[in-house]
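From first to last, the protein sequence lines stand for chains W and R.
The numbering used here numbers the first residue of the first sequence as 76 and each following residue consecutively.
The numbering used here numbers the first residue of the second sequence as 76 and each following residue consecutively.
These aren't lab readings, by the way, just hints derived from the structure by calculation.
Treat the hints with caution; some may be incorrect.
The list makes no distinction among identical chains, and a pair is therefore deemed to hold if it is satisfied within one copy or across any two copies.
[Stated by the list, open to error] Calculated lysine-lysine pairs in the PhoX-like style (CA-CA distance at most 20 Å, straight line):
id : residue 1 : residue 2
1  : Lys356    : Lys458
2  : Lys356    : Lys448
3  : Lys77     : Lys228
4  : Lys77     : Lys250
5  : Lys285    : Lys398
2 protein chains.
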Amino acid sequence: MKSVGIVAEYNPFHNGHLYHLSQSKEVSKSEVAIVVMSGNFLQRGEPAIVSKWARTKMALLAGADIVIELPYTFAVQKAETFALGSVYLLDALKCSSICFGSESGSIDPFLHTMELLKEQEDQYNQKIKSYIKEGVSYPKALSLAFSDLEKNKDSVDLSMPNNILGYHYISAADKLNSSMQFFTIKRNTAEHNDQTIHDDRIASATSIRKLIREEGNLNRMRPYVPESTFAEMNVYYNTYGHLHDWEDYWPYLQYRLITMGEEELNQMYDIEEGLPYRLQKAAQTAENFQSFMELIKTKRYTWTRLQRICTHALTNTSKADIKSAGETPGYIRLLGMSANGREYLNKVKKDLFLPLVSTVSSFPQDLLALDRKAALVYSQVLKEPARSRLLSMEYAQPPIMAD
Amino acid sequence: MKSVGIVAEYNPFHNGHLYHLSQSKEVSKSEVAIVVMSGNFLQRGEPAIVSKWARTKMALLAGADIVIELPYTFAVQKAETFALGSVYLLDALKCSSICFGSESGSIDPFLHTMELLKEQEDQYNQKIKSYIKEGVSYPKALSLAFSDLEKNKDSVDLSMPNNILGYHYISAADKLNSSMQFFTIKRNTAEHNDQTIHDDRIASATSIRKLIREEGNLNRMRPYVPESTFAEMNVYYNTYGHLHDWEDYWPYLQYRLITMGEEELNQMYDIEEGLPYRLQKAAQTAENFQSFMELIKTKRYTWTRLQRICTHALTNTSKADIKSAGETPGYIRLLGMSANGREYLNKVKKDLFLPLVSTVSSFPQDLLALDRKAALVYSQVLKEPARSRLLSMEYAQPPIMAD
């Protein structure tokens with residue numbers, strides 16, 4: 076059985092994702108689509124609008140065959156680490172290929188870009204360093220350094236978020252000596268985090284969340300998502316009484332920042348010298364998350380990096396925690412599967428070199444400690460009994476089955 | 076000017092406190108009553124129903140001349156430490172005497188008790204140890220050990236909360252070689268934390284808070300408090316929209332316990348081996364503070380000690396924090412004064428060996444770090460702009476003046 080891997084967050088699953096999912100199977104000629112998906116907290120350092128379980132169901136109902144969780148340690152990370160964790164897990168699950176969305180839809184420029192960066196690695200790294208010294212953010216430095224390099228072949232524009240991710244998938248596979256094949260499909264929305272809507276059926280996840288926030292209900296998202304997503308979003312809202320947003324977590328982040336010592340905050344993952352004082356001072360006066368972010372924002376740190384730092388402070392994830400979690404994932408956490416997916420797993424199971432975790436209760440708890448903590452924190456904004464109900468899924472929910 | 080010291084929490088100030096305040100001045104023949112009062116968190120490990128500023132105003136309006144804050148480090152403590160901090164501050168402020176409430180109203184049995192315990196110190200300590208080994212709580216062990224001692228003179232019943240505090244005041248003064256005189260006034264309510272009301276004008280602070288909670292408004296407390304207290308309680312409620320209760324802080328304590336590592340929790344003040352696991356397990360399932368407390372309660376720990384431990388975890392107060400704060404208070408934080416109190420302070424000011432803190436902004440910040448953190452956490456349950464408003468008092472409020 077040929078399988079194609081997809082890296083996703085599905086926050087929430089929409090028509091653009093549906094198109095990508097079906098196209099991925101088609102261009103890669105695969106029977107099985109394996110999705111590696113961020114859990115409750117996402118790459119841009121924010122809580123998912125609904126839990127990983129609800130998002131898994133959306134994916135399965137729309138044609139995904141296997142959904143596995145990208146562990147917290149790799150999900151709430153810069154593109155390079157996020158991509159490495161994702162590609163590693165898809166490779167571990169014996170994926171034949173990976174298919175990602177890009178601006179152009181052709182794979183050669185990505186391969187050329189990787190070759191180019193390998194050839195000119197030293198100049199590239201030096202340029203990055205000197206741009207960072209000038210005080211710009213890391214992604215901005217990457218983009219500027221790249222545009223300075225000499226190019227004799229088609230390469231991709233590394234200032235576009237989806238191109239960056241695509242490049243890192245290919246680069247990760249190269250580092251991991253993976254033989255997975257790569258495909259890319261031209262995205263049919265403008266930008267990853269575009270807030271405006273250009274099409275009557277297609278809108279980015281960001282603009283869909285914005286619609287929901289602005290309207291205070293789910294109805295206006297309907298044209299842009301499969302009916303199954305619309306139904307699942309309603310089930311979630313009716314069951315838990317809530318859709319998750321950073322603002323809900325703000326009182327906890329604020330509480331955390333005002334009670335931590337500077338030394339303690341310095342130990343949090345991705346925090347650099349000088350930032351603790353800035354965060355703690357802003358936390359005392361800010362009235363909500365948005366105003367807090369505006370208070371702490373500088374040229375040196377991107378908004379998403381600051382959000383990731385806030386997420387790590389919120390979940391009390393330290394530099395030592397991330398270090399001890401290792402450089403590659405140590406388990407494959409299965410969130411859901413179709414009948415087809417189950418058949419595939421039965422075939423590859425005996426050859427897996429990573430443990431396949433179906434329910435966490437039967438698995439060494441310390442390996443999953445960071446994901447469990449993320450689930451605890453994620454549930455904390457729900458009122459009882461919703462909190463306990465969502466939380467119990469973390470311990471007891473077997474993989475969701477869809478046929 | 077002769078002055079009498081009073082140790083209090085005024086949570087809230089009621090007719091029993093009024094009686095004690097006027098009687099204290101009378102029996103000690105003092106013109107000035109100096110109150111040392113717990114700040115936002117109290118000896119029994121709970122948040123005060125209204126802020127220290129509101130409670131200071133109640134005290135001044137009812138006849139107190141000077142109100143100073145017992146620092147967090149001494150307030151949220153077992154009776155012995157609470158008493159030591161309080162007596163030390165009153166002594167530092169040149170009090171001529173201390174007057175406390177007791178069950179019997181006569182001072183000699185307290186003095187006899189102290190002599191008795193000094194004479195039989197070794198047996199007493201050995202008995203305490205052996206009772207603790209049997210698994211009872213520390214206060215229970217003290218009480219049992221004391222009842223085992225041979226007594227040839229009148230002594231006090233050390234199982235009554237007010238007697239315990241009175242005994243520790245006298246004992247602290249003895250340890251500190253203070254020359255303050257001691258007076259005691261017979262309490263006219265049954266017990267410190269009695270929840271029932273026996274008199275149509277007198278009720279304990281505990282039963283008054285219970286009335287407020289049950290009724291959801293302030294009207295039923297009115298017979299049991301001076302009009303000035305009733306007015307101040309209404310002002311507080313109208314200004315901040317809230318009266319404080321442990322349940323408000325529960326989501327933060329729960330969040331804190333579920334995100335802390337066991338090692339981190341072990342570093343919190345007053346936490347002993349074995350307790351972290353118990354607290355963290357209960358925090359995951361408990362739906363509110365009351366049910367959490369019932370889950371963690373054992374014979375070994377009193378309810379109030381567990382509440383204190385919870386308060387320290389909530390405010391992130393570690394063993395190291397308390398140790399570095401020192402064995403006696405390092406400053407006198409002035410919360411309020413009458414014209415009379417100001418005159419007194421002007422007279423004694425030049426002889427004080429401790430710094431007198433009027434507004435915190437002009438004082439070394441690290442000395443006040445724990446009190447500031449307590450103020451930050453205390454305000455955290457208020458909605459903006461009430462949170463910022465209360466918090467700004469911590470930094471900018473000069474001592475409250477009442478004439």
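Comparing the hints with the structure gives:
For a Cα distance limit of 20 Å, the shortest separation of Lys356 from Lys458 across copies, 19 Å, qualifies, whereas the shortest one inside one copy, 30 Å, does not. Taking the shortest Cα distances, Lys356 and Lys448 sit within 20 Å of each other only across copies (13 Å), while inside one copy they are farther apart (26 Å). Taking CA atoms no more than 20 Å apart as the test, Lys77 paired with Lys228 passes in neither setting, with 32 Å inside one copy and 93 Å between copies. Taking identical chains as interchangeable, the C-alpha atoms of Lys77 and Lys250 are never at most 20 Å apart, the minima being 23 Å within one chain and 82 Å between chains.
Taking the shortest Cα distances, Lys285 and Lys398 never come within 20 Å of each other, neither inside one copy (35 Å) nor across copies (50 Å).
The structure does not agree with the numbered hints 3, 4 and 5 stated previously, though it agrees with the rest.
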